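Chemist: What follows is the residue order along each chain.
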Amino acid sequence: DTAVSQTPKYLVTQMGNDKSIKCEQNLGHDTMYWYKQDSKKFLKIMFSYNNKELIINETVPNRFSPKSPDKAHLNLHINSLELGDSAVYFCASSQVGGTYEQYFGPGTRLTVT
Amino acid sequence: SQQGEEDPQALSIQEGENATMNCSYKTSINNLQWYRQNSGRGLVHLILIRSNEREKHSGRLRVTLDTSKKSSSLLITASRAADTASYFCAVFFLGYALNFGKGTSLLVTP
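Chains as they are written, first to last, in my numbering: chain A, 25 to 137; chain B, 952 to 1061.
Honestly, the hints are just simulated from the structure, not real lab data.
Mixed in with the good hints, there may be bad ones.
Stated by the list, open to error - Simulated crosslink set (SDA-like; lysine to any residue; CA at most 25 Å straight-line):
id	chain 1	residue 1	chain 2	residue 2
1	A	K64	B	S1022
2	A	K68	B	Q960
3	A	K65	B	N969
4	A	K46	A	F66
5	A	K95	B	R992
6	A	K68	B	S979
7	B	K1053	B	N989
8	A	K46	B	N989
9	A	K65	B	N973
10	B	K977	A	D62
11	B	K1053	A	P130
12	A	K60	B	L962
13	A	K64	A	I80
14	A	K65	B	E1004
15	A	K65	B	N982
16	B	K1053	A	K95
17	A	K65	B	L1058
18	A	K68	B	K977
If you're wondering where the values come from, they're calculated on a predicted model, not measured in any experiment.
If we strip away everything but chain B, and leave its shape as in the complex, we get:
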């Protein structure tokens, strides 16, 4: 099965800085989604980008998708301590399932 693979595995920044994390995958997709997981909690959907889209914005989030490189990036601008969490990308294929990567652990310090 294909997975999203996030990079870096861990990222530490200060409040106010931007955080960028990347995701790569291996085969065709219908869409790619980013999720956030706070410690000890379930995943929460952040944003979805379809295979025919190149960029999408939602608040302080910006997602790009390059299907030729099979990669996506998630940018969080003006980060806050509350953004501290693990971020997962997931590729959607075959209509029913998502395959997740190992996540990027983001630490935002005051």
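Excised from the complex, chain A in its bound form:
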């Protein structure tokens, strides 16, 4: 059983389009995250949600909008895609107050042409 799953795995789209990436975790965790990993492997946190509430919002363009319909899901919607948005996006979850270990999804490779 997959603990943290993301769809799609690959996404190729043109500049200016709007796209969404979905994430689901079946671990019962209360906190979920979105990370962006660029071509140089630098992994940067974008957002963090705890019990459906936004608790961390790093310096990210407002074209990126996370949505958490429930504790098990955290989706990422990106408007007006730009070339610089090309990266691998990882979803992760953890249980605050637990081991603090983060469980990562397999990643979504977004390519903007």
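Since the structure of chain A is already known, use the hints to place chain B on it.
Modeler: Same frame as chain A, now just chain B:
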């Protein structure tokens, strides 16, 4: 935001040798964690060391933490080809988020 910064950026060794990678950070932490990322995959948690601990072992992994120097090291003993991956340190602060560095790419050749 504070990050873990790994050093070296890349390391190439032969099977059976030990691999050591270092991590430095800038401010206070609650704990520091090491993760492994195989090519094209998500990160996998390896080991966590709390700010009041100095050393921790897990199998062939040994992690040290020096909070006075704001640094940590990860030692992989008797490396195997399967250890080839990128290794990231992450600092845990404020209770909710981890900030990762750029990773150390480890190549273990037979």
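Chemist: Are the hints correct? Go through all of them and say.
Modeler: Do the hints match the structure? See the list:
no.: 1; hint: K64(A) x S1022(B); result: holds (22 Å)
no.: 2; hint: K68(A) x Q960(B); result: holds (17 Å)
no.: 3; hint: K65(A) x N969(B); result: holds (24 Å)
no.: 4; hint: K46(A) x F66(A); result: holds (22 Å)
no.: 5; hint: K95(A) x R992(B); result: holds (24 Å)
no.: 6; hint: K68(A) x S979(B); result: holds (19 Å)
no.: 7; hint: K1053(B) x N989(B); result: holds (14 Å)
no.: 8; hint: K46(A) x N989(B); result: holds (22 Å)
no.: 9; hint: K65(A) x N973(B); result: holds (17 Å)
no.: 10; hint: K977(B) x D62(A); result: holds (22 Å)
no.: 11; hint: K1053(B) x P130(A); result: holds (18 Å)
no.: 12; hint: K60(A) x L962(B); result: holds (24 Å)
no.: 13; hint: K64(A) x I80(A); result: holds (24 Å)
no.: 14; hint: K65(A) x E1004(B); result: violated (29 Å)
no.: 15; hint: K65(A) x N982(B); result: holds (22 Å)
no.: 16; hint: K1053(B) x K95(A); result: violated (29 Å)
no.: 17; hint: K65(A) x L1058(B); result: holds (16 Å)
no.: 18; hint: K68(A) x K977(B); result: holds (16 Å)
Hints 14, 16 from the list above are not met by this structure, while the remaining hints are.
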